[in-house]
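Chemist: These protein sequence lines are chains A and B, in that order. Numbered per my numbering, the first sequence spans residues 33 to 218. Numbered per my numbering, the second sequence spans residues 33 to 218.
Some clues are possibly wrong.
Here are the computed lysine-lysine pairs in the PhoX-like style, where the Cα-Cα straight-line distance is at most 20 Å [stated by the list, open to error]:
| id | chain 1 | residue 1 | chain 2 | residue 2 |
| --- | --- | --- | --- | --- |
| 1 | A | Lys39 | A | Lys144 |
| 2 | A | Lys169 | B | Lys160 |
| 3 | B | Lys205 | A | Lys160 |
| 4 | B | Lys64 | B | Lys169 |
| 5 | A | Lys169 | B | Lys169 |
| 6 | A | Lys205 | B | Lys205 |
Hints in this document: simulated from the structure, not taken from any laboratory.
2 protein chains.
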Amino acid sequence: MRKTYKKRDFPVADIRRYLEPGPTVLVSSQWKDERNIMTMGWHTVMEFSPSMIGCFITGANHSFEMIRKSRECVINIPTDDMIEDIIGIGNCTGAEVDKFQEFKLTPEKAEKVKAPLIKECYANFECKVIDEHLLPKYNFFILEVVKAHVATSPKYPRTVHYRGDATFMISGKNVSYPARFKPQNL
Amino acid sequence: MRKTYKKRDFPVADIRRYLEPGPTVLVSSQWKDERNIMTMGWHTVMEFSPSMIGCFITGANHSFEMIRKSRECVINIPTDDMIEDIIGIGNCTGAEVDKFQEFKLTPEKAEKVKAPLIKECYANFECKVIDEHLLPKYNFFILEVVKAHVATSPKYPRTVHYRGDATFMISGKNVSYPARFKPQNL
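Please put together the full structure from these sequences, using the hints given.
Modeler: Printed below as a string of structure tokens:
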């Protein structure tokens, strides 16, 4: 059973809280009248402010040209209740199916990009492509997060982290060591 | 109590199994007579073969110039028994202390780079810097993994994943769905 999250605006400089742990994400895109979703595991935070993400997407993905042409996408963070959707979305192509319909996901209007948010996800990061010069050699997009929406609860989502070989790690417990960090290293 | 792992050579094209889930890693480096270790959370797999990793390291880190000048480093994967070392290493500087001594870690000779492996870690990936043109603008290194050493057991390590705010997620259970993947998408 998929969850329903109530969301709030979230500071884009703080999205590392959800991306740095390394979850498998869903990337939604829109180009002209077509929308699509892909599953993605190869991404990294690149800067706090401006809020930047780097990600690898090959031209074999139907989403590649949609993101390249629109210069936009949304990075959505799904939780473990969506694990079958995450797998299914990664194992069919937007060239053949509308994945929102196929997986009964709800597209929501974003604020700063045309690509739709996926309502069922824990968080949605609206992104603009700010540097595409690494595409020919490395298939690597550099994105700026221009707007973030994050669930008000729970504080930490149960995310899924792909290991290859059809296996995912599910995020476990959270532990804090506030006294052990220098303030500038938090 | 820190663990001791027995390791074997591991195919460099398969290291995504350990990096894609997003663990906080320790990066060891060597430049002339100096060695160092840093804690790193901003990294991504970029290719299977050649085995490539992208990672963000700012010039504020003592390791930055050591890696840039030597064009080498080792990415070591620590497990949750090392969480206090991971925090401590991230909260002091190699300009002032020898972190191997300070944290009682054992440097081991690598095979293809001069930077030392950290014996106490679950896995060690020897890396060469193959592209540094993103350093001036993005502090982003592109690395090729030229040799990998991975513990023979357990199959999946208990890794730590930084969330910011002095909080780590510890990797949880592993779930497999082999029947749901197309072979080319594993």
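Chemist: Please write out, lowest number first, the hints stated earlier that are contradicted by the structure.
Modeler: Going through the list in order, the structure violates hints 3 and 4 and respects the others.
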